[in-house]
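Visitor: Protein sequences appear in the order of chains A and B. Take 34 as the starting number for the first sequence in our numbering and just add one per residue. Take 978 as the starting number for the second sequence in our numbering and just add one per residue.
Each hint can be trusted.
Simulated crosslink set (BS3-like; lysine-lysine; CA at most 30 Å straight-line):
| # | chain 1 | residue 1 | chain 2 | residue 2 |
| --- | --- | --- | --- | --- |
| 1 | A | K251 | A | K304 |
| 2 | A | K206 | B | K1215 |
| 3 | A | K266 | B | K1133 |
| 4 | B | K1104 | A | K266 |
| 5 | B | K1235 | A | K266 |
Keep in mind that the hints were calculated from the coordinates and are not lab data.
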Amino acid sequence: MLMENETKTAQKIDSATLSTHGKLSMFNEGLKSGLANGQKFTELMDQLIDTTDGETLLKAARALSDFKLDSAYVTFPHQYQNADYYLIFMSRLLSMHDDEHAVLNTRTHSESLYHVFNELSDDYTFLYQIVDNENGGAYYHEQTTGENLFYVHLERRLLRFNSRAFTNLFINKLLLKGTGVDQINTVLATLINFGHYLRDDFGFNVDFNILDVDNAAKYELREANLTGEVVDKLFVTAAQHDYMLQNSPAGHGAEIQLPGSLTIDIFDGGKPTEAKWVLTVHDPDQRVSWFDVLLHFDFIRDWYLENIDSLEIKADPLVFA
Amino acid sequence: MEKQSQPDLEQNEQDQPTRALTDSLQQKLDYLATLRQAITAGDDRLIYELIDGDHYHQALLNEEPNATRNAQVNLITDVHPAISHYLSTKLIDYLAHEYPFFYYEEIQLGEFQIYFGNWWDRRRFGKLNVLKVAFEFSQEEFNKLQQTFELAASHKRFNTDGIQRISADNDQLQALIDAQGDRDHQKDDLRQQLKENGQRNSLFDSGRIKEERQQIIDQLTKLADEDEQANNAHATMKDNEAKILTLSKEDTILAYEKQAIETSFKSFENFNERNRSLYVDYLTTLIGKAQVNADGE
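Using the sequences plus the hints, can you model the full thing?
Guide: Written out as structure tokens, the structure reads:
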């Protein structure tokens, strides 16, 4: 920042008003600060790619994610995008925890990075897209489908998963087109682990959203005031699959017991004056999320997708409008 | 306490009607005292005998009707709701075992609404008359269930025909939508014919030409009607889908009800028979329990 101001000032003062020595001196100072900036950059790069200390890694990633390498006097022909440092950070953090499923690739003939997963075809490439407004942060973005799977803000230590993107990519594009549940689960596990590491290592505030396995998780439905008709549909389809939708003990709503001591509730968890329909998933080991239910129970998945306008799990509206 | 002996002392001095009155009042006091004691002692069998002794004697002891057994029952009609509430505890315990699929809600003191099952949107199935130990099923709901059992023989559900009819409607509407292109072609043809018809001018054949013209116009009108129907078809189809859902839901509920009855009673006939003998069955159980208690003492 300081360097930028200096060069601006330098440009303002008309060169004609300066002596030759003054001009040369200004040029030299511009080079020095540009080189120092480059030097600073390489130090951060060293940290990003080699440090074994988590906080150092996060700090380096944060600095690099909005680092301006070029100056008026010194520009660098070979550069990565700011978004790429998010990818490097993510890969480094995962590999510090021995998770190598997200493979970091470079494009030929250019300095740009992307993730692929061995479990998925190479048609699906993942990279970060920086948010270009005062909020900052970046989306983890799948390029073919354009889905933003999660939002991360390194400075504010925030991570938000997005139910719609996960449903569209992993269910509509992958599961329903023949990708196996095991493969999908491996990719999901890596993304979820990334959330855990951010939370546990750095104290990030993480909303796992549709992927939350906690029994206490209440997945909020898009249609807060759900019509009975949608529940009626589940009742009828469940009966056709030999499951009974029962009255919910949790209040106005319904409950269904699935194999593996799995209990799904859909009920109005709001106030008498303001309905707020939610879904909950209970299992003894707290290992099952609503997304897992969608992956494993066809009739529930069909019901969810057919009524997605009402049932879609709400993601953080601040970052997923 | 001392006062209680006074009526006896005075009895000889009373005239006959007064004596009759005091006797009558004494009987009432005795009746109420016995009822009070039965409630304190938790003797539900005795309470049932007291609130409708005539029915009790006929149903359980095969005795002839005798209205005098119920001489005092009018004394307690105002507290029937409270008695019903009191008796409901043991009765519902018993029913929960015999009719595991019924659930009860006390909508006001002593008044119990029956819910059939614990599934989503279970039906209100009528009321439980605790004093009479009888179900008073909603006739409409009961009839649906009865028909469900009857239709099962021909592998049909209560709404099978209704759903088929509406589905057929929807198929027809879909066909109407799909045929839009055909209709547009036909209309073009007919308009062309109409034009040609208008250009023909024959002195001798004018009647036939007019007739032909009318036929073409009729066909165009018919096609326009169909276009109109096709335009409204989406809304109608959506309504129909909602109707089908309602009917499917009802079928699902009825299937659960049927299944519940078959699990507990094997057949609808057995279920009805059990309902008819519910008073005798329950009172017999109470007598049996009293017997066991007496033997135990």
